[in-house]
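Novice: These protein sequence lines map, in sequence, to chains A and B.
Be aware that the first sequence starts at 101, since it is given in this note's numbering, and climbs by one per residue.
Be aware that the second sequence starts at -17, since it is given in this note's numbering, and climbs by one per residue.
Keep in mind the hints are simulated off the structure, nothing from the lab.
Be aware that a few hints might be false.
[To be verified] Using 27 Å as the maximum straight-line C-alpha spacing, the simulated DSS-like pairs for lysine-lysine come out as follows:
1. A:K168 x A:K178
2. B:K67 x B:K134
3. B:K199 x B:K134
4. A:K147 x B:K131
5. B:K199 x A:K147
6. A:K104 x A:K156
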Amino acid sequence: MSRKEWPLWEVFIRGQHGLNHRHVGSLHAPDAEMAIHHARDVYTRRKEGVSIWVVKSNDITASSPSEKGPLFDPAETKAYRHPTFFDIPDEVGHM
Amino acid sequence: MNKTTEQDVSNPVEDAFVADAALAPAFFAWLCRMGDNALILGHRVSEWCGHAPALEEDIAMANTALDLIGHTQMWLGLAGEVEDKGRDADALAYLRDALQFRNLLLCELPNGDMGLTLMRQFLFDARHHLMLEWLTRSASPRVAEIAAKAVKEASYHLERSSDLVVRLGDGTEESHRRMQAAVEQLWPYVDEMFVTDAVDDAMAAAEIAPRPCDLRKEWDETVRSVFAEATLDVPGAVGFAQTGGNLGRHTEHLGYILAEMQFLQRAYPGASW
Chain A
101 MSRKEWPLWE
111 VFIRGQHGLN
121 HRHVGSLHAP
131 DAEMAIHHAR
141 DVYTRRKEGV
151 SIWVVKSNDI
161 TASSPSEKGP
171 LFDPAETKAY
181 RHPTFFDIPD
191 EVGHM
Chain B
-17 MNKTTEQDVS
-7 NPVEDAFVAD
3 AALAPAFFAW
13 LCRMGDNALI
23 LGHRVSEWCG
33 HAPALEEDIA
43 MANTALDLIG
53 HTQMWLGLAG
63 EVEDKGRDAD
73 ALAYLRDALQ
83 FRNLLLCELP
93 NGDMGLTLMR
103 QFLFDARHHL
113 MLEWLTRSAS
123 PRVAEIAAKA
133 VKEASYHLER
143 SSDLVVRLGD
153 GTEESHRRMQ
163 AAVEQLWPYV
173 DEMFVTDAVD
183 DAMAAAEIAP
193 RPCDLRKEWD
203 ETVRSVFAEA
213 TLDVPGAVGF
223 AQTGGNLGRH
233 TEHLGYILAE
243 MQFLQRAYPG
253 ASW
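From just these sequences and the hints, can you work out the full model?
Specialist: Next comes the structure, spelled out in structure tokens:
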């Protein structure tokens, strides 16, 4: 017997206004609207969010782990790309 | 949920109705109806926990059940205060027998398949939401306060159950067949939701609660529009409506629910953890 599974969705939740949506996990649902409902039920039971995004896992293009070297290694020796050479006035606070 | 309830009990808003001895018998009976509906349906829905067809639905059902049990604590807690015989929500939930329960028969019917469970939920939610919306404007501040909390959850329940009724009604041939069968099976229990008796008249006279029969028209409209979208037929009037739950005359199913729900308190009185 073949069992038809619902597609997989990735869930992103905005914790409070002004923060980014963050990836919190994934779930199965037949369509986007139900994925939002499921995300509400599974991931916001403790008032974790003010906004939900869902996206089909299939629609995400990911970098391949085998390409890790060429993609990321060149940045390794370029400490000057970190903005650590500026003096930040105390009033600015955390950046 | 526990925390909020405790805070409210320690610092309740002023409400002259709570200590009104003349009103107490009707007010207590009415509060038991509200609390028992939530308790018995909540217990029924919780039976799906660990058995629903998908993990996501399982959690959604458990959330609904927990919301309803939360409502129970508030309604039966207030019922105990109105009765003023030292019974709290736990005593009312765990130490009454079937004849003292005042829930609608619809709430105690067995779950059947998911289609029946969701149809039962939708028929109940449509009425529950109307009732709670009215109650947020109740003349009794305590009732209005409970309703204001409960209506937020009930509106999500209704959104969820009506959405699923549409999806399954207008789904596959098999899901449509099951949903239509669920309607036919549950329809004889619909009229009871709008039965209006002396208790309701007393509540309406005090402007604490609406007469259930006055909610029927709007309920019909909701159900008709959802059924139309779900391609489900609305059955005609039933020849014999099943009633009696709010007077304590129940189906044989309630005893089994209570046996399971009350076993621990009955076998180990006062047990806590």
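Novice: Each hint: holds or not?
Specialist: Status of the hints after comparison with the structure:
1. Between K168 of chain A and K178 of chain A the alpha-carbon distance is near 17 Å, which keeps this suggested pair within the 27 Å criterion.
2. As the CA atoms of K67 of chain B and K134 of chain B are separated by approximately 31 Å, the hinted pair breaks the 27 Å bound.
3. Restraint check for K199 of chain B and K134 of chain B: the C-alpha separation of about 22 Å stays at or below 27 Å, so the hint holds.
4. A distance of roughly 15 Å separates the Cα atoms of K147 of chain A and K131 of chain B; the hinted pair therefore holds under the 27 Å criterion.
5. This hinted pair does not check out: K199 of chain B and K147 of chain A have alpha carbons roughly 35 Å apart, beyond 27 Å.
6. Proximity of K104 of chain A to K156 of chain A is assessed by CA-CA distance (about 17 Å); at most 27 Å being required, the pair is judged to hold.
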